[in-house]
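Q: These are the residues of each chain, in order.
Protein chains: 2
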Amino acid sequence: MNDIPTDQAIDTQAVRSYLLGLQNRIVSTLQAEDGKAFLSDGWTRPAGGALEGDGLSQLVEGGNLLERGGCNFSHVKGKALPPSATQHRPELAGAPFEAMGVSLVMHPLNPYVPTVHMNVRMLAAAPAGGATVTWFGGGMDLTPYYGFEDDAQHFHRVCRDAIGPALYARFKPWCDEYFFLKHRNEPRGVGGIFFDDFALPPEQGGHEAGFALMRATGDAFLEAYVPITQRRRGMPYGERERDFQAYRRGRYVEFNLVWDRGTHFGLHGGGRTESILMSMPPVVKWRYDWRPEPGTPEARLYTDFLRPREWASDRASDRASE
Amino acid sequence: MNDIPTDQAIDTQAVRSYLLGLQNRIVSTLQAEDGKAFLSDGWTRPAGGALEGDGLSQLVEGGNLLERGGCNFSHVKGKALPPSATQHRPELAGAPFEAMGVSLVMHPLNPYVPTVHMNVRMLAAAPAGGATVTWFGGGMDLTPYYGFEDDAQHFHRVCRDAIGPALYARFKPWCDEYFFLKHRNEPRGVGGIFFDDFALPPEQGGHEAGFALMRATGDAFLEAYVPITQRRRGMPYGERERDFQAYRRGRYVEFNLVWDRGTHFGLHGGGRTESILMSMPPVVKWRYDWRPEPGTPEARLYTDFLRPREWASDRASDRASE
Numbered sequence: 001m002n003d004i005p006t007d008q009a010i011d012t013q014a015v016r017s018y019l020l021g022l023q024n025r026i027v028s029t030l031q032a033e034d035g036k037a038f039l040s041d042g043w044t045r046p047a048g049g050a051l052e053g054d055g056l057s058q059l060v061e062g063g064n065l066l067e068r069g070g071c072n073f074s075h076v077k078g079k080a081l082p083p084s085a086t087q088h089r090p091e092l093a094g095a096p097f098e099a100m101g102v103s104l105v106m107h108p109l110n111p112y113v114p115t116v117h118m119n120v121r122m123l124a125a126a127p128a129g130g131a132t133v134t135w136f137g138g139g140m141d142l143t144p145y146y147g148f149e150d151d152a153q154h155f156h157r158v159c160r161d162a163i164g165p166a167l168y169a170r171f172k173p174w175c176d177e178y179f180f181l182k183h184r185n186e187p188r189g190v191g192g193i194f195f196d197d198f199a200l201p202p203e204q205g206g207h208e209a210g211f212a213l214m215r216a217t218g219d220a221f222l223e224a225y226v227p228i229t230q231r232r233r234g235m236p237y238g239e240r241e242r243d244f245q246a247y248r249r250g251r252y253v254e255f256n257l258v259w260d261r262g263t264h265f266g267l268h269g270g271g272r273t274e275s276i277l278m279s280m281p282p283v284v285k286w287r288y289d290w291r292p293e294p295g296t297p298e299a300r301l302y303t304d305f306l307r308p309r310e311w312a313s314d315r316a317s318d319r320a321s322e
Numbered sequence: 001m002n003d004i005p006t007d008q009a010i011d012t013q014a015v016r017s018y019l020l021g022l023q024n025r026i027v028s029t030l031q032a033e034d035g036k037a038f039l040s041d042g043w044t045r046p047a048g049g050a051l052e053g054d055g056l057s058q059l060v061e062g063g064n065l066l067e068r069g070g071c072n073f074s075h076v077k078g079k080a081l082p083p084s085a086t087q088h089r090p091e092l093a094g095a096p097f098e099a100m101g102v103s104l105v106m107h108p109l110n111p112y113v114p115t116v117h118m119n120v121r122m123l124a125a126a127p128a129g130g131a132t133v134t135w136f137g138g139g140m141d142l143t144p145y146y147g148f149e150d151d152a153q154h155f156h157r158v159c160r161d162a163i164g165p166a167l168y169a170r171f172k173p174w175c176d177e178y179f180f181l182k183h184r185n186e187p188r189g190v191g192g193i194f195f196d197d198f199a200l201p202p203e204q205g206g207h208e209a210g211f212a213l214m215r216a217t218g219d220a221f222l223e224a225y226v227p228i229t230q231r232r233r234g235m236p237y238g239e240r241e242r243d244f245q246a247y248r249r250g251r252y253v254e255f256n257l258v259w260d261r262g263t264h265f266g267l268h269g270g271g272r273t274e275s276i277l278m279s280m281p282p283v284v285k286w287r288y289d290w291r292p293e294p295g296t297p298e299a300r301l302y303t304d305f306l307r308p309r310e311w312a313s314d315r316a317s318d319r320a321s322e
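Order-wise, the sequence lines are chains A and B.
Under this note's numbering, the first residue of the first sequence is numbered 1, with each subsequent residue one higher.
Under this note's numbering, the first residue of the second sequence is numbered 1, with each subsequent residue one higher.
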């Protein structure tokens with residue numbers, strides 16, 4: 001790969017090492033929880049094109065816990081930042097850059113176990129004659145089929161405790177806003193945290209503060225998700241619950257293919273299709289204008305969970321019935 | 001609805017009548033073929049907003065021939081053409097307009113029966129002080145799961161005979177180009193015909209020529225598709241074929257949600273979601289980096305059918321083996 005001139009103060013290799021370690025920890029833990037081994041599929045994009053780089057896709061299909069799930073690491077370098085990335089930072093137009101991240105989506109088999117997504121990423125640009133600058137993005141969000149207040153509260157509280165209440169207060173509503181299906185006027189799930197383009201000036205911590213936020217997010221994932229899987233995976237279910245799960249997974253497909261910027265840019269920009277589409281569920285159903293019967297657990301997903309709520313609040317009064 | 005000033009020579013009401021009749025003929029025939037009644041769901045968009053209009057969605061789910069299929073009529077009027085529609089025709093910016101069309105997608109139950117899509121549409125704009133102008137678009141394309149040369153040839157020859165060899169020679173490659181999954185480097189199916197923005201000057205027939213092309217396309221649909229369903233629907237199939245069908249339907253979802261302009265603009269622009277997403281298949285599966293075993297019928301779909309071929313040619317030598 002080309003060597004990108006890097007400010008001495010910024011060590012992108014340390015970010016790469018963190019991300020590979022994070023992927024390894026997550027996959028090892030989920031594999032142990034599942035009991036079925038993940039597959040590993042490494043790839044490289046050779047030097048010479050507009051982008052070069054490498055990645056590692058790790059995935060499981062037909063597992064005991066996970067019907068389909070994947071955790072991707074990727075690291076690409078490019079000779080010139082595309083205009084879409086520099087419209088707010090014209091001084092970086094055409095600068096060499098690198099982008100790296102870990103992204104995962106897990107679709108459990110049992111409809112009582114929610115689907116989860118987590119992503120952390122860094123973009124670094126090295127303008128000629130200037131110092132390297134970095135931005136961070138990421139987050140995680142939970143998509144239940146059958147809602148449990150305990151699960152949503154646990155997930156949000158782990159997120160809040162990981163990044164602190166001040167950032168949580170910014171990134172929780174951002175998540176609600178981002179993971180929203182405008183064509184359905186419906187949130188994707190119960191949310192979590194989301195941030196993008198996060199960069200602080202040096203006097204507020206600069207690169208190191210962004211990297212710390214990335215680590216706080218990534219490191220919190222297993223604590224946020226695994227206990228939920230453990231308490232739901234043994235719940236008995238039947239055809240009705242599987243059918244509702246398959247129907248609701250259609251919303252996941254719609255969001256990712258229609259609205260998600262990462263998926264959209266990846267598929268339009270020549271990303272690795274099979275890695276990008278590891279977010280697709282294993283089995284999905286569509287049916288016309290379907291609505292659950294009022295009063296059923298399926299209806300409660302819509303009325304009690306698919307709307308923004310203060311899940312991390314410790315006030316007992318913050319209930320759906322308010 | 002508002003009255004839009006219309007050139008005396010252009011009778012958009014005649015186009016509406018044709019489209020409603022076309023929908024009725026298609027649904028009646030497919031219903032008789034299926035044996036299960038279609039549902040009809042009318043809708044109106046009240047005056048006062050940016051768009052007003054009405055439509056009729058007709059659909060079947062769980063039929064004998066069609067596992068899921070819908071045929072939509074819609075007719076909307078707006079006070080001002082959006083900039084995206086007038087970039088090549090600045091003289092029409094802000095003109096009142098109307099858009100109407102019939103669009104269908106049918107997903108058969110039997111994996112040996114191909115999925116089909118057909119659409120015909122008209123856009124009319126009435127600039128202040130100028131004559132009303134109209135453009136037409138449409139086409140139809142066939143998406144087999146198991147390929148049959150007879151079926152592809154029949155479909156293409158009906159298309160060619162309907163619009164004539166000169167237009168077929170333009171609209172067949174346009175279809176190959178349009179219904180292409182760039183992120184898979186793969187055509188959606190065996191194609192057919194596609195045209196957009198079709199308008200001729202008055203000395204070449206003007207509005208009437210465009211309307212005639214719309215009718216030729218719409219009127220050919222049943223002849224192009226029904227005989228194929230009749231000769232394939234009785235073929236025995238099992239879990240293997242259903243599984244491959246569900247996997248390949250994933251490509252249909254990917255194309256429509258990622259690349260199809262009508263779906264994209266509809267979902268982003270406040271169209272009627274349940275009508276737009278009647279194109280989604282009933283059951284879909286995704287699996288990682290799956291490829292068929294060489295030499296199987298599933299592999300032959302990729303090698304012999306998912307590539308542009310001159311299906312309407314009468315030369316016996318025009319074979320996949322060339």
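Please keep in mind that the hints were generated in silico from the structure rather than gathered at the bench.
Careful: at least some of the hints might be erroneous.
Same chains, same label: a pair holds when it works inside one copy or across any pair of copies.
[Said to hold, decoys possible] Pairs of lysine-lysine residues, derived as BS3-like cross-links and limited to a Cα-Cα distance of at most 27 Å, are as follows:
1) K285 to K79
2) K182 to K36
3) K182 to K285
4) K36 to K285
5) K36 to K79
6) K182 to K79
Q: The structure should be examined with respect to each hint, and the outcome stated for every one.
A: Going down the list of hints, with the structure as the test:
1. K285 to K79: neither (42 Å within a copy, 38 Å between copies)
2. K182 to K36: neither (37 Å within a copy, 33 Å between copies)
3. K182 to K285: both (20 Å within a copy, 25 Å between copies)
4. K36 to K285: both (26 Å within a copy, 20 Å between copies)
5. K36 to K79: For K36 and K79, the Cα distance exceeds 27 Å both inside one copy (40 Å) and across copies (59 Å).
6. K182 to K79: Cα proximity of K182 and K79: across copies only (23 Å, versus 35 Å in one copy).
Hints 1, 2, 5 from the list above are not met by this structure, while the remaining hints are.
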